[in-house]
Amino acid sequence: MIQIQNLHFGYRRKKIFTGLNLKLEAGHIYGLLGKNGTGKSTLLKNIAGLLFPQEGTVSVLGYTPGKRQPAFLQDIFMVPEEFFLPDMPIEHLVRYHAPFYPKFNDDQFNRYITEFDIPRSNTLQKMSYGQKKKVLISLGLACNTSVLLMDEPTNGLDIMSKSQFRKVIAGSFDENKCIVISTHQVKDLESLIDRVTIIDEGRILFDQTVDAITRKLSFHISFDSDEIKQALFREPSLRGNAVVTRNTHGDESKLDLELLYKAIVLNGNAIESVFNA
Amino acid sequence: MNAVFNVNRWLLYIGKHWNENKRKYGLSLAAIGGLLVLWFSFLMLVNKTHPLNEEIQAITYYVGLYLTGTLYASLIFSELAEGPKAIHFLLTPASTLEKLLSALLYGVLLFFVCYTIVFYAVDVIMVKVANGFVGASMERAHLPFRPTEVANVFAARNGNPVIFYVLLLYFAVQSIFLLGSAYFAKFHFIKTLVAGLVVFLVLVFFVHKVLGSFMPNGTFFEPFTIYRVFDPAHGELMIQLPEWISSIMLFLMKYALAPSLWVVAYFRLKEKEV
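Chains G and D, in that order, give the protein sequences.
The opening position of the first sequence corresponds to residue 12 in this note's numbering, with each subsequent residue numbered one higher.
The opening position of the second sequence corresponds to residue 312 in this note's numbering, with each subsequent residue numbered one higher.
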């Protein structure tokens with residue numbers, strides 16, 4: 012669905028990608044994690060055709076995104092971190108945007124708006140940032156595009172909205188869609204994504220399915236000093252040590268995305284060796 | 312699906328654009344109308360006998376058209392300078408040609424039509440008001456009074472087609488500003504104005520200094536199709552381009568300048584990154 016080969020991209024003073032390769036398939040919700048400024052948004056913009064590769068190729072749904080052909084644009088939707096919505100009532104937004112997306116579903120949109128508790132009487136300009144973001148997310152989901160890109164979608168959402176967000180995304184997902192969510196707020200994506208891709212310094216540091224991660228790694232609190240010593244990653248907490256260890260028992264553990272992220276950034280080689288074994 | 316142009320999709324895009332911008336357009340036209348009322352009122356205050364004669368009406372029309380038309384054109388693609396708006400614009404599922412044609416429809420054609428309608432709506436009223444005031448004061452002074460007519464701003468004056476060229480030049484100048492709105496990230500109007508002046512001066516320099524250095528002593532006559540040579544031995548000589556070359560060049564100058572700038576704007580939109 013999305014194929015990135017040997018992507019080179021940089022801004023005037025800073026190289027971001029030097030030969031990035033990545034393949035994203037339909038039927039997955041990808042969590043694109045990484046520190047600020049590591050190229051998450053740049054990658055999404057290259058996928059959406061808002062930026063053009065300086066070298067290498069990006070192919071999305073068989074199209075070259077940079078050509079911005081209408082057939083491509085009507086099958087991809089992006090929720091940018093900073094977004095624009097025109098000043099009009101929600102009904103008008105739907106009336107004038109939905110016809111561009113052949114798979115748009117009005118009932119779905121109304122359901123999401125209800126789930127997000129959006130007041131329909133207000134025009135978009137009178138809504139708060141969080142409410143506007145939820146309208147845009149609802150629109151993006153109801154468009155039923157094959158590719159949905161979200162850049163920091165939970166920024167500006169309150170605690171209840173974050174949980175509604177996870178519920179709505181999970182409810183709208185099907186095997187024909189590929190959702191890519193970029194965030195540095197890793198906790199927000201827990202129990203939602205099924206593949207974790209971590210970018211650092213413009214390269215893919217880690218790329219595994221959640222199934223593989225929970226089969227091979229265990230995330231738990233430990234009081235056993237030997238286990239703590241041998242852990243792939245450990246972090247003192249109020250209740251003992253939070254550790255990442257090899258999952259030797261074969262039981263599926265619960266993924267702690269924040270712990271995994273720290274383990275990969277601070278002790279990447281050890282984690283990698285578990286998956287290469 | 313046609314990737315370059317589809318009438319239904321274009322109509323959808325036009326509808327979307329109108330709905331998103333109708334308030335802004337309405338306010339802009341109201342502002343233009345208000346400024347015209349102010350200007351005509353000022354003229355009535357300072358000129359008690361012929362405040363809105365036909366020449367003044369025509370000059371007001373064209374000065375207003377050039378000022379507001381270029382200012383408006385310099386804002387047509389200004390949203391490309393703002394990240395979120397640019398993303399909204401570029402990711403709307405319509406082709407670049409459809410987006411450009413929509414901008415030309417609103418920014419060039421409809422702007423011209425609406426400006427003309429607003430101008431005449433104000434002009435007709437203000438000419439009546441001026442005739443009423445001037446007529447009353449003339450009557451009090453027992454002087455003869457000939458009411459001012461509403462000017463036809465498109466009519467050739469004394470058979471001189473200059474109005475026609477002023478209009479053609481307007482569309483070319485407006486297209487330069489439209490292109491500037493797609494090129495520059497900030498201060499579109501000022502930057503286009505400066506860039507346009509620089510290009511114009513470079514052209515003048517090229518024609519007079521570079522071309523002039525290997526041409527015989529003389530000057531261009533009728534802008535560029537005839538070259539007049541001052542030869543002490545033979546007197547004044549006219550070197551004229553063949554008729555067909557002159558016709559083609561004049562045709563291109565008149566009708567191809569604005570469309571060629573639109574083509575450049577098209578490619579600029581295609582290569583735009585956010």
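Mixed in with the good hints there might be a few duds.
Calculated pairs, BS3-like style, for lysine-lysine (alpha carbon to alpha carbon, straight line, at most 27 Å) [stated by the list, open to error]: (1) K173/G to K396/D; (2) K26/G to K497/D; (3) K143/G to K410/D; (4) K137/G to K583/D; (5) K25/G to K410/D; (6) K335/D to K188/G; (7) K26/G to K333/D; (8) K333/D to K143/G; (9) K335/D to K143/G.
These are computed hints drawn from the structure, not numbers from a lab.
For the pair supplied as a hint, K25/G and K410/D, confirm whether the alpha-carbon distance does not exceed 27 Å. Roughly 32 Å between the alpha carbons, so the hint for K25/G and K410/D is violated.
Are the Cα positions of K26/G and K333/D separated by 27 Å at most? 42 Å, violated
Verify the proposed pairing of K335/D with K143/G, using a straight-line Cα cut of 27 Å. Satisfied, since the Cα-Cα distance of roughly 21 Å is no more than 27 Å.
Is K143/G close enough to K410/D, meaning Cα to Cα at most 27 Å? 25 Å, holds
Quick one, are K137/G and K583/D close enough, alpha carbons at most 27 Å? 31 Å, violated
Within a Cα-Cα threshold of 27 Å, do K335/D and K188/G meet the stated pairing? Judged against 27 Å, a Cα distance of about 38 Å means the pair is violated.
When you check the alpha-carbon spacing of K333/D and K143/G, does it fall within 27 Å? 21 Å, holds
Holds or violated: K173/G and K396/D, Cα atoms, limit 27 Å. 25 Å, holds
For K26/G and K497/D, compute the direct alpha-carbon distance and say whether it is at most 27 Å. 25 Å, holds
Violated hints for the displayed structure, listed by number in ascending order: 4, 5, 6 and 7.
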